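J.: The chain contents come next:
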Amino acid sequence: MGGDFISYELKEFKLFEPLFRWARKKSIWLVAFCTGCGGIEMPPLVTARYDIERFGMMPNPAPRMADLFLITGYVTPKTLKRIIITYELMPDPKYILAHGSCPINGGVYWDSYNVVKQLDKYIPIDVAIAGCMPRPEAVMDGIREIMRKIENGEADGWRRYRENYEWYRKNQDELFGEGWRERDAKRWLAWL
Amino acid sequence: MAVTDNEVKNKVESTQKAPQDTQNAKPELPNTKEGRLVKELLEKAPYAEGSVRREKRIEFRVPAERIHEFLEIASEKFEMLMQISVVDWLKEGEFELVYQLWSVSESVHAFVKTRISRENAKMPTVMDIWPVAETYEREAHEFFGIIFEGNPRLGPFILEPREYEKHPLRKDFNTLSYVKTIYGEDFDRYDESKTNYVI
Amino acid sequence: MFEWKLALEAIGMVIYATFMGFIFMGIERKAMARIQRRVGPPIYQPIIDTLKLLGKKESVSHGFIYDFGPVFALGASIAALLFIPLANFQLFSSNADLIVVAYLLEVPMLGIMLGAMSSGNPYSAVGVQRGLLTMVAMQLPYGLALIAIAQYWGTFKLNSIVALQQLHGWSITVPALLLAFIVFDIVFQAMLGLEPFDIITAPAEISMGPMVEYGGKHAALLFTQHAVQLFAETAFFAVLFLGGASNLLELLIKQIAVLFIAIFIASIYPRFTIDQAAKFFWKWPTILGIIAVILAGW
Amino acid sequence: MNELMIMLFAPLIAGFIAWALDIRGIREIVGVIGAAVPLGILVKYYPTITSKGTEGIVQTINVGGFHLVFQLNTLTWYFAVIASLVGVAMAFGMASTSKNSYEWLFALMSYTGVLGVFLSGDFVGFFLFWEIMTFASFMMVLRRNKHESLKYFVLSIIGAYAMLIAIGLLYAKTGTLDFNTIRQALYMDAMIGSISRGEMALIFGLFVTAFGVKAGAVPLHVWAPGAYSEVDQSYTTFFSGALSKAGAYGFLLLYILMGVKLVSALGVWHNHMLFAYIIAWIGAITVVVAGFLAVLQEDIRKLFAYSSVSQVGYILLGLGVGTPLGIIGALFHVLSHAVFKGLFWLVVAALILRTGKTKFEDFGGLAEKMPVTFSMALIAVLSLAGIPPMAGFASKWLLYEAAINAHMPLVAGAIFLGSGLAFAYVVRFLYAVWFGQRPSDLEDVKEAPLPILIGMAVLAIPNIVFGIAPGLVTKYLNGLFSEPVVTGDYFKLVTTNGTYNALLVTILLVFGLAVAGIVFIYGAKTRKVPVTDTYQSGNPVTEDYNLSMRRHFYRPLAEALEFWLRYSWDRFYERLAGLAEDFADTLREGIYNGNVQSYAWYLAIILLILALWGVL
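Residue numbers (the working numbering), protein chains in the order written: chain A, 1 to 192; chain B, 1 to 199; chain C, 1 to 298; chain D, 1 to 616.
Isolated chain A (complex conformation) (with noise of 0.2 Å):
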């Protein structure tokens, strides 16, 4: 997977980058993956009370449309697995805003055997939200947060993702245990 990855040349269409700019701030698509317990927080966002579509954001099943992806609260290994191969399936310009201290540094489960204490290790997260679990108006703050990163083209975890990805890799590797997407996917196997 990282071989080819890094030696692909951007296309930087720099006449029509502000306009793609003001598209990509205009039109965010969620990826509908809720991990930890902030999934729940995520309905009363499309409701008639808050109602992200005005910003013209859509919940959207599928990673390969999808372009911000929201870690709502504390993340396990076996999670995180789910979340790095969804996240790499997403296309390019691609966000994450994480909910709450747990994503940050562990948080109320610092000591927990089963928590990632430092997601940032793993996955690059661009937007960090206080409170265990924020309120859908704090959802939407750091969700304009997110806008005006994109405006001025600040919001580039995606870059960072692809520059350094032996770093991010190394740390995978280094948690999970080398080659652990073929052995994960033969214990699933026997599911089948």
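It is possible that part of the hints are untrue.
Taking CB as the label site, the calculated pair distances span [unchecked claim]:
1) D:542 / B:106: 49 to 57 Å
2) C:264 / B:106: 44 to 52 Å
3) A:138 / B:61: 42 to 50 Å
4) B:119 / A:37: 30 to 38 Å
5) A:39 / D:574: 54 to 62 Å
Derived list of chain D stretches under chain C, where covered just means 3 residues or more per stretch with a C-beta under 8 Å from a C-beta of chain C [claimed, not checked]:
6) 387-394
7) 408-416
8) 422-432
9) 435-443
10) 502-512
11) 535-549
If you are wondering where the hints come from, they were derived from the structure by calculation, not from laboratory data. None of these values were measured; they are calculated from a predicted model. Each residue gets a CB set at the ideal place from its N, CA and C atoms; glycine is no exception.
Given the coordinates of chain A, assemble chains B, C and D onto it according to the supplied hints.
T.: Quick look at chains B, C and D alone, frame taken from chain A:
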């Protein structure tokens, strides 16, 4: 869910223990539906002690070697086995297994408790009464290391391969040192002693 | 020999149709939001979405057929559009008739299926299966409605149907064709993949159905195709039942009216499962269609 | 004039030579030449046929007291060319798939049989070649599967006897066996009415069963799936491509010989000719029933067998409409079906030759391994599904026009449903065989051998050529009728109230593809991704997962239809066969019980009856 049960049981257990020791005679049972149920079961199983905690909630304390027999008797009335939760009494060196039963007909909740020693804890399986017990026993085995004879699939269940056979929910499992070995340098809380946690 | 005027007209009409198609999709999302008392996205939101998808810096492909699918679908939609008489632009409609346009409107389905199948994703396989079954189920009522029209007006040419409707009044004024109108409206709901029949891309069940593997510019192609298809199908509906139009504005009003019927039905009904949809299509719409056909032939 | 004879018997002679020589290399060459000779001669006759009008060339030979007449006019030339085109493709196909000379002998014998059926001008030759054709195809099926061949044999025998009785009745009434004289006699008889209505209905019924068996109309289609799939698949190209057309030709013969008489005898119902209306409804039911059965099949050969039965249903439907436009639509569909179905059967032959598998669940992901066969299959798929630039659509369009103009709406509805089903089972074939995950044992599959690819090319080119320029066929078919039915130039079909400009549709499709291609190239660079890199809701995926749904692809449809699927024609015929056997057993115990006295008694009784009848 095992973790939360643990604290709740501790507090309830300690408060409830005090009054029972004072009147060592059998506490008289209120003649409500629950009381009659307990009386009925106690006649069939004299070795057990039963009490009514509150409306819709009754408790039994059964010695470990007679647990299977008692559960067979209880299963006529209590059709569903809701959960097998385990309490780790480190100081007394015992595990306390709580079989939570639910009777659909009388809509009453029964807690059947037994005590077994912590070292190489062994229990007969109850899969022959309630097949669903297989999952609860696998979980109890994975997190506490209790071996249930007769359960065919006691092996790895939910946890990551790294934590197999480590039985992480035991009281003597030192999570702090384990986490330090795995997450190493980015684990930034340095206070060793467990008394004053720094969050 | 090559009529430049016709060529320019055609290209202009394709651009106009794509733009209006996106606006229709925007209206669709906005109306559904307003019905749920939400503010809803701006009308031109689909244009922004397509721009964003086109602006993606990377797009994944599962082989030649995977790329060929959406391209073929968009091509077929554009071809279908150019055979429908749009208001005062006759374009190429003198060279094709009812049956050719009806089939050309179904060809994009094959393009999407081709692409979805070659992506090797189980969700898209289930989406393809459901899409085909819906298409099979709706084929009979769809055919019966078209036959009723062809039989009543006695001709297949679309522009002569429009002319006859200008003379004798719209198709829906005729009782037989009113039944055909109802049948075609139900089938129209399934062709657009709107609520009661959106089994094809059931968002919760099989994450976007056939489109699950499409990202970046492939998804942009599919969005443009859906826009052109929406415009073409609403125009086809207006031409057949609401008597065509003398100018584009009148056509636009009729198209939006037809769209709102579909939106109102879509925002009320839950989703059918696939065999319920098949049974439903072969029960009521087919019976109505048979009655319409017999009445039209009388 | 003996070229007619050369053309007729060339395949048979080539078959014998190939069977006698039985050397791997030479046998194929002889077979291919034998198959190509008729096509060559027929093409040579094209100018004479188009210039001479409908009565064409007549050749008479008398063999053993029988006076056989062979005629080559516009209609018979059309059918003969289609049969020989499919025959050549079959020969190329068999060059790579047939293992022994036994199959060459009987394949080419059935080829002669079909040509004989089309060219014969009188009932003697017609029946003779009809039997050769049936016998040869029965021997092909017999070699592989006894049960299926028995089923095919019994039904063909029923058809043959029905035709024999009908010919006998006609001979009794008209005194001749030659087609032209019968036509005049029945034409005259339409006014006089000497043949009663009941007799005419009986003759019509017998002919319908005879030709219905060969064409595979619904009640009599039971043999088709078994026979088509139990034979070497490249022979099925000819079996379903040309032999089923003999049945359709038979129905057309009914129109030519006794059309007027049937109308006067059986009358008219809601201004449709009653006998034509019956044929139309047989066709419609065949289209729908065989279409639904084809969609639910698990075996690749069974799917295309039922699809062939369904497509022949279209032809019967076209003939049943009765108007000149309907007949032209049916004849065009004869050509397009022979071409795209032949292509499908060659693709299936290549698949079975290379993978040795026939069930859908064993296939998968062959698009990369057999690219040429895949592109041929794609052409066939587009044509069968009726996608505008292909021949399949042109013929289907004509059928729609005819059915709706003739005020037969429900029959047109059956065409709509049938084409929807065709679309469904064709895409199912595409998905199950060419896309999705490749099972591990298909890794070393190579491309199909060259001869069969040539055969596919022979059948793919007409698909595209007649798709883009359908006028070629309709202009030729207009010759059948006095005034041209389908006007318009080579690329545009103009009927009384509908037009279809095939070239313009193709140009606009290309224009649309160009616009979409520009949008596609404009986007970011694409990165090829292996099959394992798919969204499986986050789970890691490896090669040995089976991610593609190849079994029971249309289970929901089966659930929606389970009320109708309880009844099956096969079980009905099995029970019928069982009844017949029991009856025969009881008869055997009863009469032939072996003791001589009862035989003596039977003799006495028969003599007594004859005496009373006054014969003695």
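J.: Look at each hint and say if it fits the structure.
T.: Now for the hints, and whether the structure bears them out:
no. : hint                      : result
1   : D:542 / B:106: 49 to 57 Å : 51 Å, holds
2   : C:264 / B:106: 44 to 52 Å : 51 Å, holds
3   : A:138 / B:61: 42 to 50 Å  : 48 Å, holds
4   : B:119 / A:37: 30 to 38 Å  : 36 Å, holds
5   : A:39 / D:574: 54 to 62 Å  : 58 Å, holds
6   : 387-394                   : holds (count 3)
7   : 408-416                   : holds (count 6)
8   : 422-432                   : holds (count 6)
9   : 435-443                   : holds (count 3)
10  : 502-512                   : holds (count 7)
11  : 535-549                   : holds (count 6)
Checked against the numbered hints given earlier, the structure satisfies every one of them.
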